[in-house]
Amino acid sequence: MNQESDNAMIDVFTNALWLERGLSQNTLSAYRSDLRSFMHWLFAERGRRLGEAQRSDLLDYLALLARSGRKPRSSARMLSCLRQFYRHLLRQGSISEDPSSRIDPPKLGRPLPKTLTETEVDALLNAPDTDDARGHRDRTMLELLYASGLRVTELVTLRPQAVSLNQGIVRISGKGGKERLVPLGEEATAWLAEYSNGPRAVILGVRSSRFLFQPRAAIA
Numbered sequence: 002m003n004q005e006s007d008n009a010m011i012d013v014f015t016n017a018l019w020l021e022r023g024l025s026q027n028t029l030s031a032y033r034s035d036l037r038s039f040m041h042w043l044f045a046e047r048g049r050r051l052g053e054a055q056r057s058d059l060l061d062y063l064a065l066l067a068r069s070g071r072k073p074r075s076s077a078r079m080l081s082c083l084r085q086f087y088r089h090l091l092r093q094g095s096i097s098e099d100p101s102s103r104i105d106p107p108k109l110g111r112p113l114p115k116t117l118t119e120t121e122v123d124a125l126l127n128a129p130d131t132d133d134a135r136g137h138r139d140r141t142m143l144e145l146l147y148a149s150g151l152r153v154t155e156l157v158t159l160r161p162q163a164v165s166l167n168q169g170i171v172r173i174s175g176k177g178g179k180e181r182l183v184p185l186g187e188e189a190t191a192w193l194a195e196y197s198n199g200p201r202a203v204i205l206g207v208r209s210s211r212f213l214f215q216p217r218a219a220i221a
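Letter 10 of the sequence shown, counting from 1, is numbered 11 in my numbering, and no numbers are missing.
Derived by calculation from the structure, the hints in this document are not laboratory data. For glycine and all other residues, C-beta sits at the position ideal for the given N, C-alpha and C. Accuracy of the hints is not assured; some may be wrong.
Label pairs and their calculated CB-CB ranges [what the hints assert, rightly or not]:
(1) 17 to 72: 25 to 31 Å
(2) 48 to 21: 31 to 37 Å
(3) 124 to 88: 15 to 21 Å
(4) 21 to 44: 26 to 32 Å
Only pairs whose alpha carbons sit at most 25 Å apart, straight line, appear in this in silico DMTMM-like list of lysine to aspartate or glutamate [as the list claims (entries may be wrong)]:
(5) 72 to 61
(6) 72 to 123
(7) 72 to 105
(8) 115 to 155
Full structure from sequences and hints, please.
See the structure below:
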C-alpha cells in the first residue's frame, strides 16, 4: 500500500460523507486536510499507512497537537474526523479493528457567558409595548429578572402570595423546602404593583390562576 492509495481512501471517505450527510465543500476540505496531515505524520514517524494505524499512534498524534499549541476544540475536531474515518474503514472491511475506539475526546472548557452592556439592558427592558396588558406583563417579568436574579423557572412559577410589595421582597422556595428572601428594588416593585393592580386581571379575564404571571391572555 502506498500514499496514493491512502489518498484514494480519504477521497472515498469524504465522497461518502457528501453523499450520506450532504456536508459542505469547506467541511469536506477540512476533513481531507486533517486526514492528510495525520497520514504524512504516520508514515514519517511510524512507517505505517492509514489502514495500519494503531491506537497508540492516534494518542501520540493527538498529544503532539496539544503540545504544539492546538486548542482542545481543534484537537476534538481532529479526533472526530479520525473516528469517523476509521469507522468507515471498519464498515468497508478495510480494517478489522478501529484504532480510534476507547479514546476520550479532550475536555472543552465552557465559554464564559457574555454580559450585556447597560445600553443592551435598557433596550431589552424597553422592548415590550407596555400600553398592552401582555406587554406590561413582559416588562414586569424582565424587571424582576434583572433586579432579583431569579431563575426563569422560579419566575414563571411565582405565586402572588410569595410577593410582599410593602417590603419589596419575594419569597422563593428551593430544594428541600428551604426558603430564601430576594429583594426586588424600587423599580421592579413599582412595575409589579402596577401589573398586579390592572394588567394581570385583564390577561386573566374570567379565569383564575395560581401563578402571578399568566402566559396566555384571555384578551384578543
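(request) Look at the Cβ atoms of residue 124 and residue 88 and judge whether their distance stays inside 15 to 21 Å. (result) Between residue 124 and residue 88, where Cβ atoms are some 48 Å apart, the hint is violated.
(request) Mind checking the hinted window 31 to 37 Å against the Cβ distance between residue 48 and residue 21? (result) Holds: the Cβ-Cβ distance is about 33 Å, inside 31 to 37 Å.
(request) For the pair supplied as a hint, residue 72 and residue 123, confirm whether the alpha-carbon distance does not exceed 25 Å. (result) Given that 25 Å is the threshold and the Cα spacing comes to 36 Å, the pair is violated.
(message) I want to verify a distance hint. Is the separation of the beta carbons of residue 21 and residue 44 within 26 to 32 Å?
(response) Hint holds: Cβ distance 28 Å, inside 26 to 32 Å.
(message) For the hint 25 to 31 Å, verify it against the beta carbon of residue 17 and that of residue 72.
(response) holds (28 Å)
(message) For a C-alpha distance cap of 25 Å, please report whether residue 72 and residue 105 respect it.
(response) holds (16 Å)
(request) Verify the proposed pairing of residue 115 with residue 155, using a straight-line Cα cut of 25 Å. (result) Measuring from Cα to Cα gives roughly 22 Å; hence the hint holds.
(request) Compare the distance between the alpha carbons of residue 72 and residue 61 with 25 Å, and conclude whether the hinted pair is satisfied. (result) holds (16 Å)
Checked against the numbered hints above, the structure breaks hints 3 and 6 and satisfies the rest.
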